[in-house]
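Those protein sequences? They're chains L and V, same order as listed. Mapping of the first sequence onto my numbering: position 64 corresponds to residue 64, and the numbering continues sequentially without gaps. Mapping of the second sequence onto my numbering: position 31 corresponds to residue 31, and the numbering continues sequentially without gaps.
Hints may contain errors.
[Claimed, not checked] Mimicking SDA-like on lysine to any residue, the simulated pairs with C-alpha atoms at most 25 Å apart in a straight line are:
(1) 42/V / 88/L
(2) 57/V / 41/V
(3) 106/V / 38/L
(4) 42/V / 51/L
(5) 71/V / 84/L
(6) 106/V / 62/V
(7) 106/V / 17/L
(8) 68/V / 16/V
(9) 42/V / 77/L
(10) 42/V / 82/V
(11) 42/V / 30/L
(12) 58/V / 16/V
(13) 71/V / 100/L
(14) 42/V / 109/L
(15) 42/V / 39/L
(16) 106/V / 58/L
[What the hints assert, rightly or not] Cβ pair distances, simulated, as ranges:
(17) 14/V / 16/L: 47 to 55 Å
(18) 17/V / 7/L: 37 to 45 Å
(19) 82/V / 5/L: 28 to 36 Å
(20) 14/L / 41/V: 39 to 47 Å
(21) 52/V / 3/L: 40 to 48 Å
(22) 101/L / 9/V: 24 to 32 Å
(23) 83/V / 18/L: 23 to 31 Å
(24) 53/L / 71/V: 27 to 35 Å
(25) 40/V / 96/L: 48 to 56 Å
(26) 14/L / 69/V: 31 to 39 Å
(27) 18/V / 38/L: 26 to 34 Å
These are calculated hints, taken from the structure and not from any lab test. Built from N, CA and C at the ideal position, the CB exists for glycine as well.
In case you want the letters, here they are:
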Amino acid sequence: ETGVTQSPTHLIKTRGQQVTLRCSSQSGHNTVSWYQQALGQGPQFIFQYYREEENGRGNFPPRFSGLQFPNYSSELNVNALELDDSALYLCASSLERQAYEQYFGPGTRLTVT
Amino acid sequence: GENVEQHPSTLSVQEGDSAVIKCTYSDSASNYFPWYKQELGKRPQLIIDIRSNVGEKKDQRIAVTLNKTAKHFSLHITETQPEDSAVYFCAASRGEGSNYKLTFGKGTLLTVNP
Numbered sequence: 001e002t003g004v005t006q007s008p009t010h011l012i013k014t015r016g017q018q019v020t021l022r023c024s025s026q027s028g029h030n031t032v033s034w035y036q037q038a039l040g041q042g043p044q045f046i047f048q049y050y051r052e053e054e055n056g057r058g059n060f061p062p063r064f065s066g067l068q069f070p071n072y073s074s075e076l077n078v079n080a081l082e083l084d085d086s087a088l089y090l091c092a093s094s095l096e097r098q099a100y101e102q103y104f105g106p107g108t109r110l111t112v113t
Numbered sequence: 001g002e003n004v005e006q007h008p009s010t011l012s013v014q015e016g017d018s019a020v021i022k023c024t025y026s027d028s029a030s031n032y033f034p035w036y037k038q039e040l041g042k043r044p045q046l047i048i049d050i051r052s053n054v055g056e057k058k059d060q061r062i063a064v065t066l067n068k069t070a071k072h073f074s075l076h077i078t079e080t081q082p083e084d085s086a087v088y089f090c091a092a093s094r095g096e097g098s099n100y101k102l103t104f105g106k107g108t109l110l111t112v113n114p
């Protein structure tokens with residue numbers, strides 16, 4: 001069984017640029033959630049995807065958007081990057097029937113300068 | 001929306017002692033309460049969870065208790081070991097169907113001194 005993977009591991013972007021982060025869910029999991037974890041804080045829910053549709057969204061502006069593909073992998077896109085977007089971005093996958101158990105990937109560390 | 005408060009923010013214990021971390025939540029409709037362990041530079045790992053229809057759950061040295069009336073839940077670690085040192089996060093969710101958004105506390109840095 002393959003765990004949750006994310007790419008890239010880390011990247012540096014300039015304010016105003018756009019970024020795409022990728023997540024491959026654990027084998028058999030069809031639900032993917034994205035979280036933002038600022039330094040020293042708990043993860044904050046961005047949105048969740050289930051069967052390729054957004055299935056819940058946290059308090060993040062529309063410049064945070066996502067996609068889920070037929071193989072259940074997912075992308076997080078952030079436009080017009082701001083300095084405060086610097087954080088660890090985590091994705092978590094879960095089985096439809098047990099959507100409450102979320103398993104996290106290693107994260108992508110984004111630095112905006 | 002849901003708000004989760006976690007205490008203490010840091011906790012230092014001697015190896016072999018017990019450690020207790022407490023969380024309170026605001027949404028009485030929350031029905032799922034997981035605990036995650038995050039070592040430095042690593043992913044959060046689910047270590048134990050509890051549903052609202054259960055008052056206590058135990059897994060070897062780790063236990064979680066839930067008081068729905070008071071809206072608080074706690075993580076108990078007995079016989080602590082240096083490898084228990086990490087940041088622990090509690091979370092709450094009022095999920096239904098496939099939407100189980102997790103609201104996290106701010107974390108507790110646990111240090112187990114040998």
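Handout entry: Enumerated hints in conflict with the structure, sorted upward
Key = 2, 4, 5, 7, 8, 20, 21, 23, 25 and 26
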